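Number of protein chains: 2
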Amino acid sequence: MNATIERLLGHRSIRKFTDEVVPDETIRTIVACGQAAATSSNVQATTVVQVKRMVTREQLAAFAGGQPYVATAGAFLVWCADLRRAAEACRRTGGDFEPGMTEHFIIATIDVALAAQNAVVAAESLDYGICYIGGLRNNPAGVAELLGLPDQVYPVFGLCIGRPAQDPEVKPRLPIEAVLMQERYDEDGEEARVAEYDETLARYYRDRTGGNKESHWSIEMRALVGKESRPHMRGFLDERGFKMR
Amino acid sequence: MNATIERLLGHRSIRKFTDEVVPDETIRTIVACGQAAATSSNVQATTVVQVKRMVTREQLAAFAGGQPYVATAGAFLVWCADLRRAAEACRRTGGDFEPGMTEHFIIATIDVALAAQNAVVAAESLDYGICYIGGLRNNPAGVAELLGLPDQVYPVFGLCIGRPAQDPEVKPRLPIEAVLMQERYDEDGEEARVAEYDETLARYYRDRTGGNKESHWSIEMRALVGKESRPHMRGFLDERGFKMR
Numbered sequence: 000m001n002a003t004i005e006r007l008l009g010h011r012s013i014r015k016f017t018d019e020v021v022p023d024e025t026i027r028t029i030v031a032c033g034q035a036a037a038t039s040s041n042v043q044a045t046t047v048v049q050v051k052r053m054v055t056r057e058q059l060a061a062f063a064g065g066q067p068y069v070a071t072a073g074a075f076l077v078w079c080a081d082l083r084r085a086a087e088a089c090r091r092t093g094g095d096f097e098p099g100m101t102e103h104f105i106i107a108t109i110d111v112a113l114a115a116q117n118a119v120v121a122a123e124s125l126d127y128g129i130c131y132i133g134g135l136r137n138n139p140a141g142v143a144e145l146l147g148l149p150d151q152v153y154p155v156f157g158l159c160i161g162r163p164a165q166d167p168e169v170k171p172r173l174p175i176e177a178v179l180m181q182e183r184y185d186e187d188g189e190e191a192r193v194a195e196y197d198e199t200l201a202r203y204y205r206d207r208t209g210g211n212k213e214s215h216w217s218i219e220m221r222a223l224v225g226k227e228s229r230p231h232m233r234g235f236l237d238e239r240g241f242k243m244r
Numbered sequence: 000m001n002a003t004i005e006r007l008l009g010h011r012s013i014r015k016f017t018d019e020v021v022p023d024e025t026i027r028t029i030v031a032c033g034q035a036a037a038t039s040s041n042v043q044a045t046t047v048v049q050v051k052r053m054v055t056r057e058q059l060a061a062f063a064g065g066q067p068y069v070a071t072a073g074a075f076l077v078w079c080a081d082l083r084r085a086a087e088a089c090r091r092t093g094g095d096f097e098p099g100m101t102e103h104f105i106i107a108t109i110d111v112a113l114a115a116q117n118a119v120v121a122a123e124s125l126d127y128g129i130c131y132i133g134g135l136r137n138n139p140a141g142v143a144e145l146l147g148l149p150d151q152v153y154p155v156f157g158l159c160i161g162r163p164a165q166d167p168e169v170k171p172r173l174p175i176e177a178v179l180m181q182e183r184y185d186e187d188g189e190e191a192r193v194a195e196y197d198e199t200l201a202r203y204y205r206d207r208t209g210g211n212k213e214s215h216w217s218i219e220m221r222a223l224v225g226k227e228s229r230p231h232m233r234g235f236l237d238e239r240g241f242k243m244r
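Protein chains in written order, with numbering that gives the first Met the number 0: chain A, 0 to 244; chain B, 0 to 244.
Since the hints were made in silico from the structure, they are not lab data.
Take every hint as true, because none was put in to throw you off.
The list treats identical chains as interchangeable, and a pair is accepted whether it falls inside one copy or across any two copies.
Simulated pairs of lysine to aspartate or glutamate, EDC-like, Cα-Cα distance not exceeding 16 Å:
#1 Lys-242 - Glu-102
#2 Lys-170 - Asp-197
#3 Lys-226 - Glu-97
#4 Lys-15 - Glu-168
#5 Lys-51 - Asp-18
#6 Lys-226 - Glu-102
#7 Lys-170 - Glu-5
#8 Lys-242 - Glu-227
#9 Lys-51 - Glu-182
#10 Lys-212 - Glu-198
#11 Lys-226 - Glu-87
#12 Lys-51 - Glu-19
#13 Lys-226 - Asp-95
Model, not experiment: these values are computed from the prediction.
Kindly produce the complete structure, drawing on both the sequences and the hints.
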């Protein structure tokens, strides 16, 4: 155990921020830490659009389903998967860009996530709090239009960064035995472990809400994967040049 | 600037390791740090399969295109995107799992990448070196068979962790101006910035190889996105239940 590990284990999303603005120089440092993450074949498929204009922030907050901290956090960054820059470099060196490969989509999406998580670690090391905003994918076409995203670029998620104005507890995770396996995939004992986790999480929700929230992981999963989720994504990606072939 | 940020900025992939084995307890800590990363709707779609058996490690090294450190690093982890666990929880609570959504695929892939990057930061904070192995996607069906991965689970990448037996330089990245934009996507000045970076990277390759490697970023990008990449991925994912609809 060391201070870095302690901080990683202490992560929780922050959804209430002071009005302290994150300085530009700090954002540059945080994004530079993102750039320093591993990147597949050095593609560096990450583009970050920082949004400061309040009217744009409010529009993005609305796209995200009314998450007010998108507008009020000390900084808001839109993390985009970007194959356009690589495609242009390919063309300038006499190549023909091969659009629409599933593998390129995967590479770009992973690249962005690795970079963003490094940025998050950097931000939290500076005592900022963060919240990922997957809700931008509620309306990716709206986000793309608002930010002028060209083809071969898609908004993966947003990221709020700011000085925390709340101090929530760390949310319990699945027991590590459920996710760390040896040699081969192993479902043995999973049902019991999930049941144990359901109880832990139900208690956590009850304690935080004075008994008002009755839920647990399995119920959450029914809500998440038991129905269609953002069915527009496929069509949006198709249109943006990510054909998934 | 602080010690965490300095370490993030100092990242480089390690491809040569001492024969020091990473203790089980350390792997648990590293994976627990992965679990602590943000996860979309708490889905926790990450499963990690640690492989110790040498015959399996060597097979995985071969799948990855002959990367010997897959077999020799102090630990090797296969990071899988896992919707099966959530689907089972959904079914047990009376829901009908909705398979094949593109959005669920994106959620699961991002989840794995965020978790893995946290694990990497934890490992590097303990003076281990790491190398991501995207090459497992050369033969994802082979990996899935070898590790007994069920439907709704796919191997996103491998991760070597171990004590470094080399001390490579940090690889230069694109100038931050090329990747951090304000308010809207902005291609202005990109060509000049990429040209500058091409020179920087060409110098880096020449210096490290005694003049034997003549390449730069744009040439690398022509090789990466100027041709089909792992065209089997789409069919593999289809078969494994990730229909991308």
